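Here the protein sequences line up with chains A and B, keeping their order.
Take 1 as the starting number for the first sequence in our numbering and just add one per residue.
Take 1 as the starting number for the second sequence in our numbering and just add one per residue.
Just so you know, these hints were derived from the structure itself, not from any lab.
It is possible that part of the hints are untrue.
Any copy, or any two copies together, can satisfy a pair, since identical chains are not distinguished.
For lysine-lysine, the following DSS-like pairs were computed, each having C-alpha atoms within a straight-line distance of at most 25 Å [what the hints assert, rightly or not]:
id, residue 1, residue 2
1, K56, K607
2, K654, K578
3, K605, K654
4, K336, K462
5, K249, K687
6, K605, K105
7, K666, K684
8, K383, K654
9, K290, K687
10, K290, K356
11, K366, K290
12, K195, K249
13, K320, K654
14, K670, K645
Just so it is clear, the structure is predicted and the values come from calculations on it, not from any experiment.
2 protein chains.
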Amino acid sequence: MKHLMLLSLVILTGLLRAQTLSSPNGNLQLTFSLTEEGEPMYSLQYKGKMVIADSKMGFTIMPATNLNAGFELKGSYKMEKDSVWQPVLGEYSQIRDHHNELLVKLQQWNTDYVLHIRFRLFDDGLGFRYEFPEQPHLRHFAIGNEHTAFKLMGNHKAFWLPADYDTNEFPTTISSLEAIPSLIDKVREEPLAAKSPTENVAVQTPLLLKTDDGLYLHFHEAALVDFPALMLNLNAQEHLLTAHLVPDKNGVRGYIQTGGMSPWRTIIVSDDARDIIASNLILNLNEPCKIEDTSWIKPIKYVGVWWEYFIGGGSTWAYKENSHHYHAANTQHVMKYIDFAATHGFDAVLVEGWNKGWEDNVAYYKEHIYSFTEPYPDFDVAKLRNYAASKGIKLIMHHETTSSVVDYERQLHQAFDFMKRNGYDAVKTGYVGPIIPRSEYHDSQWMVNHYNYVAATAASYKIMVNSHEAVRPTGLSRTYPNWIAQESARGTEFESFTGIAPNHTTILPFTRIKGGAMDYTPGIFEGDLSLYGDNKAKLSSTLVKQLALYVTMYSPLQMAADLPENYEKHLDAFQFIKDVATDWDDTYVLEAEPGAYLTIARKAKGKQEWYVGGITNEEARQAVIDFSFLPAGKNYTATIYADGKDADWRTQPKSYKISSKKIHHKTIIKQRLAPSGGVAISIKEDK
Amino acid sequence: MKHLMLLSLVILTGLLRAQTLSSPNGNLQLTFSLTEEGEPMYSLQYKGKMVIADSKMGFTIMPATNLNAGFELKGSYKMEKDSVWQPVLGEYSQIRDHHNELLVKLQQWNTDYVLHIRFRLFDDGLGFRYEFPEQPHLRHFAIGNEHTAFKLMGNHKAFWLPADYDTNEFPTTISSLEAIPSLIDKVREEPLAAKSPTENVAVQTPLLLKTDDGLYLHFHEAALVDFPALMLNLNAQEHLLTAHLVPDKNGVRGYIQTGGMSPWRTIIVSDDARDIIASNLILNLNEPCKIEDTSWIKPIKYVGVWWEYFIGGGSTWAYKENSHHYHAANTQHVMKYIDFAATHGFDAVLVEGWNKGWEDNVAYYKEHIYSFTEPYPDFDVAKLRNYAASKGIKLIMHHETTSSVVDYERQLHQAFDFMKRNGYDAVKTGYVGPIIPRSEYHDSQWMVNHYNYVAATAASYKIMVNSHEAVRPTGLSRTYPNWIAQESARGTEFESFTGIAPNHTTILPFTRIKGGAMDYTPGIFEGDLSLYGDNKAKLSSTLVKQLALYVTMYSPLQMAADLPENYEKHLDAFQFIKDVATDWDDTYVLEAEPGAYLTIARKAKGKQEWYVGGITNEEARQAVIDFSFLPAGKNYTATIYADGKDADWRTQPKSYKISSKKIHHKTIIKQRLAPSGGVAISIKEDK
């Protein structure tokens with residue numbers, strides 16, 4: 001922490017009810033007030049224009065007590081903080097946390113209950129949280145409802161997922177707020193492994209909005225700890241969003257002990273879409289790293305026994321005697337993957353389907369499904385451990401739980417111990433299907449605590465975690481950098497199911513990835529799955545767009561997801577995947593419009609290497625790549641992986657052209673992107 | 001197994017629908033039939049009289065499918081078994097299992113689903129269970145309802161507890177079946193730590209009935225494994241009981257995988273009340289011991305830091321700085337208990353309140369309450385381990401979970417490991433308050449599995465378990481004899497709360513204890529709690545009745561629950577507690593009438609010692625003790641602990657008289673018992 005300055009300390013009387021706070025550059029202004037009835041309210045202005053009108057705050061707690069009115073102000077405290085911190089892995093090697101803070105201390109007339117609200121106003125947005133201090137008359141309570149509102153100023157365009165307690169794998173729908181009620185039922189028909197839709201019209205966070213006058217508003221939460229996930233009810237006619245906490249199946253939305261607090265409710269605001277992607281507000285609102293020695297936390301580029309399960313070619317996770325299916329997680333097959341990984345400079349090989357349980361992995365009805373320490377008979381743990389080590393390759397463990405979560409916790413220590421004894425230092429966890437304990441949803445408080453418990457416990461074993469089907473991230477990778485990535489959104493596997501829309505990857509960096517890295521598993525070169533069997537699915541992008549995703553979809557964990565044989569047919573294009581960095585000193589968002597296009601450049605951590613990824617939706621487009629991010633006075637060689645002239649995701653997805661070009665910091669390249677195409681560029685300083 | 005004889009194998013056509021089976025001595029006759037609609041039905045006769053008229057069987061499974069009609073008989077198999085087995089600990093050193101078995105194999109017309117029903121008919125009653133064999137069209141399913149019915153022949157007298165998913169600590173009410181609906185709401189007002197009453201009129205098992213013509217019928221279940229507990233709906237006008245399985249909070253009454261089965265539904269029948277107590281039917285229906293080496297499983301007579309928490313004298317479980325309460329689980333205080341235990345020949349000392357968490361042990365709202373490895377600062381684990389060992393005393397571990405069960409499972413291995421490292425080989429577990437996972441009740445399938453999991457896991461550490469507030473036992477101590485006792489009923493602690501009825505302990509051996517040993521914690525000498533402070537409660541028995549309970553309340557785990565100082569005031573009476581055995585070669589029920597009186601004699605295992613306990617309800621009574629159970633031709637000395645002439649539980653509970661008498665196998669003693677009084681006799685063979 002560089003500076004910590006107490007700007008002012010004002011003890012207010014009950015009469016002086018309104019408090020204002022400005023962001024460091026003055027662009028944002030927050031107003032907090034109490035109504036005559038003692039209701040806490042806030043509003044937010046951006047460059048002098050209201051973006052969130054007076055909006056309610058507070059809770060109903062159980063047994064039925066309001067905690068959203070009848071308050072008087074007991075004190076108000078302002079503080080400025082300006083500091084810089086270094087993430088262990090990230091898009092930036094240094095992150096500045098510069099904000100002004102307002103803490104208001106409220107006490108209720110009739111109950112004496114005390115509630116604190118802490119606001120932090122950054123130049124790129126607002127975070128606020130509720131704090132429940134220890135106090136004489138309140139200790140343990142349950143939340144009936146959170147009343148936090150976001151009163152919007154118009155019928156904004158929304159990039160939304162329908163609210164659901166069990167899944168975040170819907171495609172993003174783009175519509176006006178007012179259109180959502182008429183669209184949501186149809187969107188909810190998407191077939192997903194576990195769905196628990198809200199009864200009312202509600203959407204998920206992260207939620208991105210765009211106003212008619214070009215302002216971008218991003219709603220999410222930061223530091224989701226011991227609290228349920230935040231969804232948002234929509235009153236479409238009034239353009240009003242209100243908090244919808246994910247309940248347990250008894251309807252309780254959080255069990256709280258005083259001394260605790262809510263996550264931060266976050267609003268990122270800018271009139272430049274690029275700022276939304278560049279914002280570090282959510283990370284800044286998370287707690288510093290809790291792991292003392294982080295030397296073992298490293299980025300991972302990997303291949304794995306995975307995509308073959310989805311393409312319809314006959315590979316299966318389950319080992320069964322006398323089955324006509326191919327149990328892919330067998331020793332010989334994994335050794336081939338290890339060979340491929342070693343030949344091409346990857347760090348690791350993921351193997352799914354190695355352990356007992358897949359042969360009868362029925363969700364929800366069955367509690368003890370998997371052993372996390374017993375391999376199938378054709379998976380030789382010791383042999384593979386030694387073989388991988390001899391090739392300098394790590395194996396990535398797979399813990400699919402089929403959402404039988406208590407049984408996973410029962411085995412957790414034994415499972416992690418088994419990993420360490422066998423040379424595994426990263427695990428992919430999975431939560432397919434409805435949850436056991438049967439009171440819980442994927443996004444309820446109990447499960448939130450589970451994911452965090454797994455990350456913290458894994459850290460104590462020096463194990464990295466990549467969680468799939470978990471609650472979407474909220475910046476906790478700052479606190480637990482071993483939680484290296486998550487899926488928690490519609491990922492590449494859907495290319496083999498109901499499909500991915502061409503605009504999908506132009507949206508995710510604005511929404512899902514604001515919470516943290518995504519294990520999107522890009523790199524599919526062969527997009528025509530009918531070549532393998534009965535699967536009629538076709539990839540939603542050109543081959544080059546798949547390359548560009550390694551830059552646009554931030555993650556320190558990146559998979560080359562396709563089969564080795566498909567890479568071997570295109571080793572020139574594969575070179576980009578082999579070269580591209582996974583950890584960064586700096587990131588430059590060059591062009592961005594959610595749902596349309598995105599061009600990002602990044603500097604590899606500790607190297608004079610840069611990588612550029614540009615992508616477009618279903619429309620062909622010209623990317624304008626301004627290389628002014630390169631240090632002046634030097635010359636560079638760019639290797640450009642471009643869509644071929646006839647490239648088109650529908651007809652010629654594998655058409656590409658690789659060229660080399662000398663560039664410097666004043667170079668601007670205009671590059672045509674095919675429909676659902678892209679461009680990928682690797683840049684090295686000339687010696 | 002002595003004999004295993006296949007009596008007959010009859011493959012029946014769909015036309016031959018009725019099957020009969022007799023008990024070995026012919027007293028009981030079972031009839032199984034299928035109705036025209038393919039509904040399975042059974043009835044039961046005793047000595048030629050119908051006791052259970054035609055009653056339905058089967059299930060509804062989910063998604064909604066009937067599994068109680070549309071069946072045809074595919075096969076029927078009869079078998080006789082006569083064998084003897086040895087319990088590790090018990091009321092008898094040898095138990096005979098003699099029964100005739102009928103297995104019917106049913107298949108449903110429309111679904112092809114297969115259901116087996118296995119009946120075992122003993123001379124003392126019937127057990128039957130449903131088996132769900134592996135089959136092509138059914139694998140995982142959920143139970144919506146079990147339809148098993150018990151159609152009674154009249155308005156019998158019932159000894160009943162109201163059905164409740166979370167507690168079995170109600171007092172027993174005695175009324176006719178038809179009176180239950182008008183009484184049940186009042187009975188349910190009893191204040192208990194967690195209550196989840198059924199919406200309808202229903203009662204718990206074990207349920208004891210007595211017909212107008214003096215027949216006793218006992219309903220319970222045996223081998224409750226991977227199934228919810230059985231309660232019984234009552235249609236009072238029709239004298240009809242039907243199965244009421246404890247649901248989870250989603251309304252599901254069991255998640256089943258084919259290959260599994262239900263527990264046995266048991267009916268013990270006799271016209272002599274003594275036979276109900278003497279019956280081993282429930283144990284016989286349990287699986288043999290699953291623990292290979294049982295040498296470490298031993299009976300335990302113990303004292304402990306326990307009763308002082310209930311009497312209002314200021315002792316508390318919680319350690320708090322600057323508290324005016326006394327944290328009783330402190331090193332010095334425990335050492336005094338160890339001294340007392342060693343002086344008087346006890347095996348062990350229980351200590352409650354030793355570990356962190358009691359200072360804020362809020363149920364249901366808080367998940368992580370206790371550490372099971374971290375003592376309070378004034379409890380010196382190492383010092384006490386060494387001190388106890390030096391005195392030949394074992395410490396008994398205490399794991400109160402406050403029903404935060406997943407958190408207990410998270411810590412289970414560490415907790416057991418901690419125990420073994422510190423010399424503990426028995427644990428008292430506790431489940432006060434509503435359950436986490438919040439989908440569950442104390443008696444739902446998930447919790448049933450939990451209790452069994454703890455017993456099995458403890459066995460792997462060679463740890464004995466005494467579970468409190470768990471589901472009531474169903475004979476599983478045969479399979480896991482390390483599950484040495486349970487509370488699971490209204491125990492002595494209630495003497496300090498709302499009270500114990502004087503007839504209570506004349507009922508429990510007919511009901512609760514039929515499932516297994518009870519840690520009733522008798523031995524209260526000082527029954528006037530107002531001596532300690534504000535507690536106005538008064539013990540419901542004479543001092544001598546407290547002694548008699550060590551014989552009448554079977555348990556290989558017996559506590560002397562009162563404070564050492566109270567025993568020191570009555571060392572002559574205390575001698576009986578010091579002497580009495582806890583494991584037995586044989587048991588003789590001399591007199592018995594539920595709710596009224598009970599006299600039991602037992603022979604100490606491997607010793608020529610006998611102990612007699614006789615008790616009565618609030619009425620004074622004369623016990624007639626026939627010593628014909630003693631081997632003939634020898635002389636014995638009986639030490640008789642009798643109520644004093646003026647003894648009365650209300651006025652002179654501590655009045656007693658100890659005398660000695662020479663007896664032999666033809667002696668009959670008529671002994672007056674005071675109101676809620678008793679008699680206790682120790683007998684040794686003369687040398």
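How do K366 and K290 come out at 25 Å by Cα distance, when the copy is not named: within, between, both, or neither? Classified as between: cross-chain Cα gap 23 Å, same-chain 36 Å, threshold 25 Å.
From the Cα coordinates, with 25 Å as the cut-off, is the pair K654 and K578 best called within, between, both, or neither? within (18 Å within a copy, 88 Å between copies)
Have a look at K56 and K607 and pick one of within, between, both or neither, based on CA distance no larger than 25 Å. For K56 and K607, the Cα distance exceeds 25 Å both inside one copy (49 Å) and across copies (78 Å).
For the identical chains here, do K383 and K654 meet the 25 Å Cα criterion within one copy, between copies, both, or neither? This pair counts as neither: shortest intra-copy Cα distance 38 Å, inter-copy 74 Å.
How do K290 and K356 come out at 25 Å by Cα distance, when the copy is not named: within, between, both, or neither? Close across copies (24 Å), not inside one copy (34 Å); limit 25 Å.
How would you classify K666 and K684 at a CA-CA limit of 25 Å: within, between, both, or neither? within (16 Å within a copy, 108 Å between copies)
25 Å Cα threshold - placement of K654 relative to K605: Neither way: K605 and K654 sit 30 Å apart in one copy and 84 Å across, limit 25 Å.
From the Cα coordinates, with 25 Å as the cut-off, is the pair K195 and K249 best called within, between, both, or neither? For K195 and K249, both the intra-copy (14 Å) and inter-copy (19 Å) Cα distances are at most 25 Å.
Could you figure out if K670 and K645 sit no more than 25 Å apart (CA to CA) within one copy, between two copies, both or neither? within (14 Å within a copy, 111 Å between copies)
If the cut is 25 Å between Cα atoms, do K249 and K687 qualify within a copy, between copies, both or neither? For K249 and K687, the Cα distance exceeds 25 Å both inside one copy (63 Å) and across copies (69 Å).
Alpha-carbon proximity between K320 and K654, which holds within one copy, between copies, both or neither at 25 Å: neither (37 Å within a copy, 71 Å between copies)
How would you classify K290 and K687 at a CA-CA limit of 25 Å: within, between, both, or neither? Close neither inside one copy (40 Å) nor across copies (74 Å); limit 25 Å.
Checked against the numbered hints above, the structure breaks hints 1, 3, 4, 5, 6, 8, 9, 13 and satisfies the rest.
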